[in-house]
Amino acid sequence: MKPIATTRSVTGMPTGKLAVWWVIASEIVIFGGLLMSYLMHRIGHPEWGEYASHTNVWIGTTNTLVLLTSSYFAVRAHYAAEHGDGKAAAKWLCGTMGGAIAFLCIKSFEWSTEIAHGYTITANGFWSFYYIAAGIHGLHVIAGAIIMGFIAVAAWKQKELQRVELVGLYWHFVDIVWIFLFPLLYIAK
Amino acid sequence: MNMSEHNSPTDADAAADDGHDDHGHDDHGPGHYTRILGLLVVLLVVSVAGPFVADFLPHGTDGSRTLLQLFLILSTAFGIAIVKAYLVVKHFMHLNIEPKFVTYFLVTGLAFMGIFFSGVAPDVMHHEGTHWRNEAAMNEVDRALAVQAEGHDEHGEAGEHHDEGGEEGH
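From first to last, the protein sequence lines are chains R and Y. Quick note, the first sequence lines up with residues 278 to 466 if you use this note's numbering. Quick note, the second sequence lines up with residues 3 to 172 if you use this note's numbering.
These are calculated hints, taken from the structure and not from any lab test. Using N, Cα and C, we set each Cβ at its ideal position, and we do this for glycine too. Check each hint, because a few of them may be wrong.
To be verified - Partner residues aside, some chain R positions facing chain Y, computed with beta carbon under 8 Å:
id, residue
1, 299
2, 352
3, 465
If we strip away everything but chain Y, and leave its shape as in the complex, we get:
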């Protein structure tokens, strides 16, 4: 549809509630987009609240997070991110009414992302293997954890936690 051929605005708001215009295109009215924005905002609130709620649950005996806490954090923070992205792609970008090959383009990009992670992650996430050791990474992890255990921050100031205006985000 050539946008420049439209000479005057139509009263689209009243005609758009059935979701399709006379070109057979997806033509939701502004109310639809407003509802999607509202849903996105609600999901944002849930995604921020989820990790806070998770921190109120009982921790493990060694102070580490339990599986339940991890599940809650991952599902609210990251699971909801995927849902929000889907809503934007479907309702704002209208990918569902584009030709299928566009979806294939995007999925191909995601596939390369997955291939990259699969190929490289084992060497980065782990610092030693059957015939190799990443001494620099192991030393850095040990050094930083020791500093944190002593209660120092990375700037050598003992026990100082920056908490100005909620900077720590908690």
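If we strip away everything but chain R, and leave its shape as in the complex, we get:
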């Protein structure tokens, strides 16, 4: 018996998809609030420009490239699922998860270096925002990758292929958040 999220459609789309869009709209307020807070503090603290100069734009660029590529893999997975190819969808999702792991490894290296140089979360307001914003984003990457793993396993067995699109929507949102985080934290110096 199929779950209600798949079979019920009150709004013209499956309830599960509606739920994912609802989550994304909520997350816009969460991340948007955080980023707006950072923006207004950044404008009010001109000294943060010097603090921000210690972020590594090349690592940030690499991570942006990794996430854009993983988003591409996610949409390729959706395309495969749309055409009933669960195994191909699972493979593309594995690529997306690989991008998530790469992103987190690069982020770990980056943070280790910065912390070793004394740029910790308590160093000043800029670094607090930096670690909180990137950290919350990183938690979303981890959560998304874990859920994606479950969906990839099911897709490999040709089950619940509609969920590939849903996790893809979430993943694209995570990518979009980073698209805005990157210039705010790494380029605005």
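Got chain R; can you put chain Y on it based on the hints?
The following block gives chain Y in isolation, referenced to the frame of chain R:
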């Protein structure tokens, strides 16, 4: 469209170039997504290069950035971010073929973001007003700028600039 009802893969690559499948859905082939990825990568390069190019332009007489430099930085770093986000939303998330109320959901979230900024920013961006002063923020700004002007970093080490593997990002 119920994904689980598909029993076998179709040769979608050959049929997808017209952009629509027989369900009337937006069904671009993989080549379309690859082109969008390529465009996103190009935009990423431009967004990173823009601020570097801006720094090569003449600064103001007091060493501060000119309007032209600021425009170049804002348009490449942030303007392109908006364009990239639009490309992901349209071509990867396919928001353009979702029911309109989904767009209204998302715009509502953005609107609340704007309302938050509008309401709170004046008290945060500025440190004094008609009947108030944020002494703590003003003192912190003055202290930090004085330290930076002396050439110290925040860890009390005079004139030391960390430049290991491009850590400063320049």
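Here's how the hints hold up against the structure:
With a cut of 8 Å, the hint placing residue 299(R) at the interface with chain Y holds, because the nearest CB-to-CB distance is about 7 Å. The criterion of a C-beta within 8 Å of any C-beta in chain Y is met by residue 352(R), whose closest approach is roughly 5 Å, and the hint holds. For the restraint placing residue 465(R) at the interface with chain Y, the shortest Cβ-Cβ distance is roughly 7 Å, inside the 8 Å limit, so the hint holds.
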